[in-house]
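A.B. asks: Residues per chain are reported as follows:
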Amino acid sequence: MEKQLISSRQFTIIVILFTVGTSILIIPASIATEVKQDAWIVAIIGTLLSIPILTLFMALVKKMPTLSFVEITEKILGSFLGKIVTIGFVILTLLSSGELLYFIGNFLQTEVMPETPPVVFSILFNLIILFAAYSGLEVFARTLEILFPAFLFIFIIFVLFITPEIEIKNVQPILEVSAQPLIYSILHFMGLFSFPLVVILMVFPSAINNYTSGKKGFYIGTLIGGLILTIIIALSILVLGVTNTSLRTFPSYTLAQRISIGNFLQRIEVIMAFIWMVTIFVRAFMYFYATVKGLGEILKINDHRRLILPLGMITVALSQIVHPNNMHSSKYNQETWPLYIGIFALFLPLLLLIVAKMRNIKNPENGKSKNEDAGTT
Amino acid sequence: MAMVLVILIITACIIFFELPSLKKGDTKTIWTFSLLLTIGVVLNIAISLKAIQFSPLDIIMYIFHPVSDFLKTTLLKK
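Residue numbers (the numbering used here), protein chains in the order written: chain S, 850 to 1226; chain C, 0 to 77.
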């Protein structure tokens, strides 16, 4: 498949929708359980703390802008160790693809069609993802350019219609929570918001046609995504209150159900479900595309599109076994996932930077040369 | 049993769909494709017959549970 190139505006849209992702649905509940009414503070701090992480990523890919994350890892850590680490990364993205399919099936079954087995939704959704992966990143980016204005429009309407129901006393007292649960919650938030951005390194900057504006787009996209999440979390607490937010699995859906203008604009929450399906689709596609591309680069397969259909079967299988119930899902996302992705999003880039410094690896045209003290005798 | 047949039919469709492109490919691609497809089919059949109930994420949770328990006790219990 020929090289995919996307513009920085398309990339910014991808980043915005990716970071909003599944968080728009599940984050308000678990964060509100941990820090009660200060959940919006967690979102703001988490968004601001994503900036240093992005700077770390930029420093890593600066010297090798034509390689993806998997190729950079194999180049810096060498063939053997690099393959082990990248296989770990591909396993992470594969498991997350399955988990996201579980999530979409679970959400649609819980809220929209309770009598359908969730695997049906997973298969249908997966067919779209497989077709998108087959068509390539450019087609996907162009599709998002069409979907994003619709997303923005519905989101703004949503916010406008829900603001009449705000009760400020729901968010008081402010800053009641102590530092320790706040730190735990920020870790949890960043695990779902900022750390997964490492998956975008599979296409950044190797598929971006203008590196500097792509860099700017990365930062801007993350900030806008964080802003959207902060607004949703704040609205959940302001309108529903702490107890209702923490008790429900999908508080934003409850928010959408609350919208009732006059006697005619009711039951429009399914239109809201559309925007969540867009963001979940972006996230699921990026994870799946990273898996396919990563596996192709590990095994040095020229056309990674052959692997799409078998991997699609595996993700559907994974989506049925990955979480037996909601409690297991929230326990995993709260406790284990930030650590698991943190290893690949924080520890691995730092390690790669240090090792690259030590081995004096420059851009691909210069090749690599070890330090002089090892060679001189 | 019906699900197993459906899965096998879908597998046959996948192979039928990919066969021309695979004939042009190299051996590594064919091996990877077949291996992944076999894993997918076996997993799906086992799940539809309710033979597998455990989640691979349980392994991940087990690996990380010392650290996650430590974080939970120190940070959430105040």
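Hints may be right or wrong, so weigh each one.
[To be verified] In the PhoX-like style, the derived pairs of lysine-lysine whose C-alpha atoms are separated by at most 20 Å in a straight line are: (1) S:Lys911 to S:Lys1149; (2) S:Lys1149 to C:Lys22; (3) C:Lys23 to S:Lys1149; (4) S:Lys1149 to C:Lys71; (5) S:Lys924 to S:Lys1206; (6) S:Lys1180 to S:Lys885; (7) S:Lys1180 to C:Lys22; (8) S:Lys924 to S:Lys911; (9) S:Lys885 to C:Lys71; (10) C:Lys22 to S:Lys932; (11) S:Lys924 to S:Lys1180; (12) S:Lys1180 to S:Lys912.
Read the hints as simulated data drawn from the structure, not as lab findings. Values in this document were obtained by computation on a predicted structure and should not be read as measured data.
A.B. asks: Work down the list of hints and note, for each, if the structure agrees.
C.D. replies: Hint check:
For the given pair, Lys911 of chain S sits about 23 Å from Lys1149 of chain S by alpha-carbon distance, which is inconsistent with the 20 Å threshold. A threshold of 20 Å between alpha carbons decides the hint, and for Lys1149 of chain S with Lys22 of chain C the separation of about 18 Å falls inside it, so the pair holds. This hinted pair checks out: Lys23 of chain C and Lys1149 of chain S have alpha carbons roughly 16 Å apart, not beyond 20 Å. For the suggested pair Lys1149 of chain S and Lys71 of chain C, the alpha carbons sit about 41 Å apart, so the restraint of at most 20 Å is broken.
For the hint linking Lys924 of chain S to Lys1206 of chain S, the alpha-carbon distance of about 13 Å falls within 20 Å, and the restraint holds. Among the hinted pairs, Lys1180 of chain S with Lys885 of chain S is consistent with the structure: their alpha-carbon atoms are about 18 Å apart, no more than 20 Å. A hinted pair counts as satisfied when its Cα atoms are at most 20 Å apart, and Lys1180 of chain S with Lys22 of chain C does not qualify at roughly 46 Å. Of the pairs offered as hints, the one joining Lys924 of chain S and Lys911 of chain S holds, with about 14 Å between alpha carbons and a cut-off of 20 Å not exceeded.
Proposed proximity of Lys885 of chain S and Lys71 of chain C is supported: the alpha carbons are some 17 Å apart, at most 20 Å. For a cut-off of 20 Å, the pair hint linking Lys22 of chain C to Lys932 of chain S is broken: about 28 Å separates their Cα positions. Proposed proximity of Lys924 of chain S and Lys1180 of chain S is contradicted: the alpha carbons are some 36 Å apart, above 20 Å. For the proposed pair Lys1180 of chain S and Lys912 of chain S, the alpha carbon gap of about 39 Å is over 20 Å, so the pair is violated.
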